[in-house]
Amino acid sequence: MKLKLKVWRQEDAQDKGGFKNYDVDGIDGDMSFLEMLDVLNNNLVNEGIDPVEFDHDCREGICGSCSLQINGEPHGPDRRITTCQLHMRKFKDGDEIVIEPFRATAFPVIKDLVIDRSAFDRIQHAGGYISVNTSGNTQDANSIPIDKQDADDSFYAATCIGCGACVAACKNASAMLFTSAKVSQFALLPQGKIEAHERVLEMVHQMDKEGFGNCTNTGACEIECPKGISLENIARLNREYLSASVFS
Amino acid sequence: MAGISKTSIARKVAMALSGLFLVLFLAQHFTINFTSVVSPSTFNEISHFMGTNFVVQAILQPILIAGVVFHFVMGFVLDIRNRKARGVKYNKFNGQANSPWVSRNMILSGSVVLAFLGLHFYDFWIPELIHKYVETNPDDPFRYYDETIAKFAGNPIRTGLYSISFVLLMLHLLHGFASSFQTMGVNNKYSSGIKIFTKAFAIVIPMGFVFIAIFHYFNNL
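Chain order of the listed sequences is A and B. Heads up, the final residue of the first sequence is numbered 248 in my numbering, and it's a clean run with no missing numbers. Heads up, the final residue of the second sequence is numbered 469 in my numbering, and it's a clean run with no missing numbers.
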């Protein structure tokens, strides 16, 4: 397969950046998108050109670092996958593929396709934890009965890998789906009730401080999320926030 | 509760509440207007009541105007903030792959409705104020039906503009009405019923307004 790539190149955070066009040949349909970029980078290195910088780690859809905007969609045209799980069989010979970094004021570009997603870390630090002393006196998990539905919903919320696709897909660059997942995973469990009010207020405050946009319920985040985090979490976040604002 | 008004969720909730308030007003406005199709005398009676009742004029009307102004101003404020949050625009953004057009273009449909409100005020509200407070005409409970009909009779352009505006209002409501419940945190066993109701409302009420305008246009050819 021969492809035309239009790739965003940016020297550093201060550089204005721009697109460069590259042709790659010999791409197999069974290759992952990142392997295709590896081929491109091998070619560039052989030509004495700086390779394209892009984030990647586990390459099996767990770490959430391989976040790329591919032909206008986070993680490309497939659903419920990360970029590393996107196969080149989704493209045809001769296709042009536009590759950009996720765009948000809160996600500044570091170099080429690599962005700084530490804004998500700071939202987590603001309240995404529980203060349970686990040093030697931990209770047996089964001693606190939890409704099966709540346990499942909490688990599903906790599957968020923080890749940032929700922010990238949202026309407002809103981080509501991410924040709502991180709030929900605790809000649904008894262990999370103690700091519930403080948690949601602090995390929403931090989310706003980072400069993310406002959610307008387009639902794009849910569709593009590789883990299928549901919009129900955003409704829960809104409820938790309103309740905390009134009663704390 | 300190600082609640400054957060993104509080702004969303304020938008949702003002939107729900305007939806209630819309239902009431439609009910009154529809009487002009079935019973001109009833239309005159209700319009006269609404135009002369102290509570409606001195309390409800200012609240309504405040609600309208707030909804539009907040809509534009949020849009500006949201554009700023994106920063650098995408070279390619495939929005239709993951979200409906109406949900991504609320500011566009809302702007058309705002422009329509200007026309509507020019057609009805400003003449009403002049009639009552500038010219200080004597009270006439039978003038409302004739004045309303006169705006559409023999005027295809005005009838067309009203119809187009209400189609845009329908698109605005198709997303906005259901979305306001999600913003209020409503997501339970009633959610699917709420979605069906809000979609039906978003279609029936604006299309009802279009029907009224077209009815009076053709009824007076």
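Derived by calculation from the structure, the hints in this document are not laboratory data. Among these hints, one or two may not hold up.
Claimed, not checked - Quick list of in silico lysine to any residue cross-link-like pairs, SDA-like style, CA-CA up to 20 Å:
{"id": "1", "chain 1": "A", "residue 1": "LYS111", "chain 2": "B", "residue 2": "VAL271"}
{"id": "2", "chain 1": "A", "residue 1": "LYS4", "chain 2": "A", "residue 2": "SER32"}
{"id": "3", "chain 1": "A", "residue 1": "LYS193", "chain 2": "A", "residue 2": "SER248"}
{"id": "4", "chain 1": "A", "residue 1": "LYS92", "chain 2": "B", "residue 2": "SER359"}
{"id": "5", "chain 1": "A", "residue 1": "LYS16", "chain 2": "B", "residue 2": "ALA345"}
Verification of the supplied hints:
no., hint, result
1, A:LYS111 <-> B:VAL271, "violated (48 Å)"
2, A:LYS4 <-> A:SER32, "holds (16 Å)"
3, A:LYS193 <-> A:SER248, "holds (13 Å)"
4, A:LYS92 <-> B:SER359, "violated (41 Å)"
5, A:LYS16 <-> B:ALA345, "violated (29 Å)"
Hint violations for this structure: numbers 1, 4 and 5, all remaining hints satisfied.
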